[in-house]
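Sequence lines, in order, name chains A and X.
Mapping to the working numbering: the first sequence position 2 is 7, numbers consecutive.
Mapping to the working numbering: the second sequence position 99 is 100, numbers consecutive.
Misleading hints may appear alongside valid ones.
Said to hold, decoys possible - Pairwise CB distance ranges (calculated): (1) A:R251 <-> X:A168: 26 to 36 Å; (2) X:E129 <-> A:W118: 29 to 39 Å; (3) X:Q85 <-> A:L165: 44 to 54 Å; (4) A:K152 <-> X:G26: 26 to 36 Å; (5) X:E229 <-> A:P178: 27 to 37 Å; (6) A:P164 <-> X:A235: 27 to 37 Å; (7) A:D150 <-> X:E129: 38 to 48 Å; (8) X:L103 <-> A:W91: 51 to 61 Å; (9) X:G121 <-> A:P178: 27 to 37 Å; (10) X:P186 <-> A:D150: 30 to 40 Å; (11) X:E30 <-> A:Y247: 51 to 61 Å; (12) X:K255 <-> A:L165: 49 to 59 Å; (13) A:L58 <-> X:D110: 46 to 56 Å.
Hints are computed from structural coordinates only; laboratory data are not their basis.
Note that beta-carbon positions come from the ideal geometry of N, C-alpha and C, so glycine has one too.
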Amino acid sequence: MRLTAWGASAFLLLWSVAALSGITSRQFLPAPWEVMTRFAQLLAEPFAGYTLLAHLVSSMQRFAMGFALAVAVGIPLGLVMAYFRWVDRLVSPLFEAVRFVAPIAWVPFAALWFGTGIGGPVLIIFMGAFPPVLINTYRGAKFVDRKYIEAARMLGAGPLRAMSQVLLPAAMPSIVAGLRISAGLGWQSLVGAELIVASSGVGYMMVKGQAAVSTTTVMSGMIAIGLVGMLIDIALRRLQRYIEQRRGL
Amino acid sequence: MAIIQFKGVGRVFHQGGQAFVALDGINLEVQDREFVAIVGPSGCGKTTCMRMAAGLEHPSSGSVSVDGVTVTSPGPDRAVVFQQFALFPWKTVWDNIEFGLLSLGVAADERRRRIEHYIGLMGLTGYERAFPHQLSGGMQQRVAIARAYVLDPKVLLMDEPFGALDAQTRVVMQEELVRLARQHPRTVLFITHAVEEAVYLADRVVVMSRRPGTIREVIDVRSVREGERWDAIARIEDVMDQASFVHLRTHIWKLLREQRGNAAH
């Protein structure tokens, strides 16, 4: 904890020195306090149509949609793939090919299909968030001790109950670990997507800041992205701890 | 009437292009409400027999039928008590016991009545909301037994259910199971490698030999138990002290020892 504080202070100090030294123009390398001032200002006054908070809310809505879609498709599909080998054989090759197309590489496609509508960013977030959910659900379910599946089958459970009552809870620790990776990747892809296909959101605000040659605005956006990303991860880590404790791990 | 029937059952495993016979020519009938224990050295295929009756494995030749129907897949009419308990760790004691009843579509008040009955019978009162990891091994196995009995299955299949318990707990559970079996007579196929356990619990003891797994002898314990009034003796150690008990145990021990051939011991 003390080291963290030292690290942060040293970083801020170096940054301040570099900014004040005049190596480069203050417009391109503003001092920390200038960025902070701008950050506060962006919270109060609209820039590129909205205040920073409104941009964030807009980004988070898109994120929530894309992430929810990734979870809603990824978890059931992962369970079905783990339970039925034929579904695994059917889906795996396609998935293995598609997942190497980086989320950001979906931007041109998303722009063609959705323009600046909500669909574009949601698709891009989905493409970022989906693979970790699917992979972790699948792996978690695949490694469930066979004895639980056998117990469920001898207790008369069909595929639906075996998947929902046994595979899902047994794979839950792995799934939540996947959600953390997935939320991180989704949040990162979102901002990438907004740089190109959106008319609101933190990414959009940053593009407008760039156009106005306002480094402080761009940096404020980066700080906001980092903070929200951390908050999302902390929330999911709490969920992870809660599940592990309940399970006695 | 025979409830469980093994007819010429064989099982061949293939490993690295080699076939090895795990079970050969198993013919066995378990009658209605009969408690049959299979004993044998590890690797004799006794667990495979049980798993075939459960529908978790399939014979290479011959057939296994329960109540006249050839077994093809697992089902709640053939409840299994596993050695490793296999309780769902994410479900409470109550929910574990309820799981199979939900599959069967038993109505809510009937479920409650049956679960409460077996929770009381197995001494689990007060632990309904506990999770398996909060219970001792013995308590967990009580839950597993309750989970099987509550289904009111045609047959109960027990695969070394007390094998993972410590010696003291094991004795208590053996006494409990005898009590349960006398109170609620069921058709039971019980797998164990413990000879004393088999003689104490079962009506008939099936002794198996290894490689290939075949039935060597079937010993009827019932006449001795009834003649010597074992059930009137409360404690397991006193039963095991009876000359009649020792005699049977030694007989089975010899059968098992002979097949070890030249091996050590």
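ask   = Hint numbers the structure violates, sorted upward?
value = 2, 3, 5, 6, 7, 8
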